[in-house]
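Chemist: Okay, here's what each chain looks like letter by letter:
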Amino acid sequence: MADQPKNEPPAAPEATPPATPQRAEGRSSGPPRREGGYGGGGGGPRREGGPPGGGSGGPGGPRRGKRQFFRKKKVCRFCVEHVDFIDYKKAELLQAFVQDRGKILPRRMTGTCSRHQRWLGEAIKRARNIALMPFATEL
Amino acid sequence: MEERLYDLIFICRPATPEEDVNKIVATLEHSATEHGGKVDKVERWGTRRLAYRVAKHREGFYVYLVVRGTKADMIKELERRLKVADPVIKYQTIRLDEELKRQSKLARHRERRAGRRPRKPAAAPQAPPAAEQAAPAN
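Chains as they are written, first to last, in this note's numbering: chain A, 1 to 139; chain B, 1 to 138.
Simulated from the structure, these hints should not be mistaken for laboratory data. One or more of the hints may lead you astray.
[Said to hold, decoys possible] Computed, partial: chain B to chain A, Cβ under 7 Å:
1. 39
2. 40
3. 42
4. 52
5. 54
6. 55
7. 92
8. 103
9. 106
10. 107
[Claimed, not checked] PhoX-like cross-link-like pairs, simulated, lysine-lysine; straight-line CA separation at most 25 Å:
11. A/89 / B/76
12. B/56 / A/125
13. B/101 / B/38
14. B/101 / A/72
15. A/89 / B/90
16. A/89 / B/101
17. A/125 / A/103
18. A/125 / A/72
19. A/90 / B/71
20. B/83 / A/125
21. B/83 / A/89
22. B/56 / B/101
23. B/90 / A/103
24. B/83 / A/103
25. A/103 / B/56
26. B/76 / B/105
27. B/105 / B/56
28. B/41 / B/23
29. B/90 / A/74
30. A/125 / B/23
31. A/89 / B/105
32. A/90 / B/101
33. B/71 / B/56
34. B/38 / A/89
Glycine included, C-beta positions come from ideal geometry on N, C-alpha and C.
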């Protein structure tokens with residue numbers, strides 16, 4: 001391997017020596033480019049269907065069109081119940097809006113409206129400060 | 001000055017005897033009245049599991065107070081007392097009056113809208129349930 005490139009570059013630079021580096025480079029840089037392409041493509045539908053997009057990003061194109069038909073419109077839970085103030089003391093209620101590790105879930109996952117998401121985030125942060133909710137779960 | 005409403009929560013070490021907790025609450029009430037304020041409500045939530053370790057404790061005795069007052073010095077003094085108190089491992093004060101004001105404003109707004117709705121024939125059946133839902137939410 002090492003001898004071939006050293007001997008042949010002057011004679012045939014296009015044939016064998018570049019072939020090995022190209023393959024190596026192709027393996028390292030090729031797949032990320034493809035993933036980037038999928039990610040960019042996924043950027044469009046992410047607005048509406050975030051969670052399923054993350055799971056089935058691989059199949060890509062054909063499914064993406066179908067998904068729009070099955071998507072259910074999410075409704076803000078707090079708007080339905082006419083909540084005007086999200087109580088930071090109700091940790092059990094807030095628990096539904098964080099991930100297992102304690103991260104606040106984005107709006108696109110829970111369907112909360114922007115106003116209630118703002119209040120919700122505030123309530124979760126208050127609850128965290130007084131040890132009613134975790135900043136990050138210890139494992 | 002306008003009266004302000006605060007939520008005050010503090011956490012004691014789980015091994016704290018009941019009398020010590022009562023003593024702390026009493027001193028807080030005393031210093032609140034001294035500064036022209038008032039403790040509206042005292043709730044003892046009891047020993048609860050903490051979401052994370054605080055001062056090497058995994059559990060804590062929660063006490064919840066609702067305080068109202070006009071002077072900012074009052075909260076300063078209450079927090080100083082909590083800071084000095086030995087059994088207290090964590091405390092938090094939150095000003096709530098503005099949020100409650102916003103809440104009542106939104107509720108009023110909704111009631112007015114619900115009252116207006118029956119004029120339209122299509123929306124009439126929807127109005128009564130909306131009004132009923134609004135009541136328990138508050």
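Chemist: Now look at each hint and say whether the structure bears it out.
Modeler: Status of the hints after comparison with the structure:
no.	hint	result
1	39	violated, 17 Å
2	40	violated, 15 Å
3	42	violated, 15 Å
4	52	holds, 5 Å
5	54	holds, 6 Å
6	55	violated, 11 Å
7	92	holds, 4 Å
8	103	holds, 4 Å
9	106	holds, 4 Å
10	107	holds, 6 Å
11	A/89 / B/76	holds, 23 Å
12	B/56 / A/125	holds, 21 Å
13	B/101 / B/38	holds, 19 Å
14	B/101 / A/72	violated, 35 Å
15	A/89 / B/90	holds, 15 Å
16	A/89 / B/101	holds, 19 Å
17	A/125 / A/103	holds, 10 Å
18	A/125 / A/72	violated, 30 Å
19	A/90 / B/71	violated, 29 Å
20	B/83 / A/125	holds, 21 Å
21	B/83 / A/89	holds, 22 Å
22	B/56 / B/101	violated, 39 Å
23	B/90 / A/103	holds, 22 Å
24	B/83 / A/103	violated, 29 Å
25	A/103 / B/56	holds, 23 Å
26	B/76 / B/105	violated, 30 Å
27	B/105 / B/56	violated, 43 Å
28	B/41 / B/23	holds, 16 Å
29	B/90 / A/74	violated, 38 Å
30	A/125 / B/23	violated, 30 Å
31	A/89 / B/105	holds, 22 Å
32	A/90 / B/101	holds, 20 Å
33	B/71 / B/56	violated, 35 Å
34	B/38 / A/89	holds, 21 Å
Checked against the numbered hints above, the structure breaks hints 1, 2, 3, 6, 14, 18, 19, 22, 24, 26, 27, 29, 30 and 33 and satisfies the rest.
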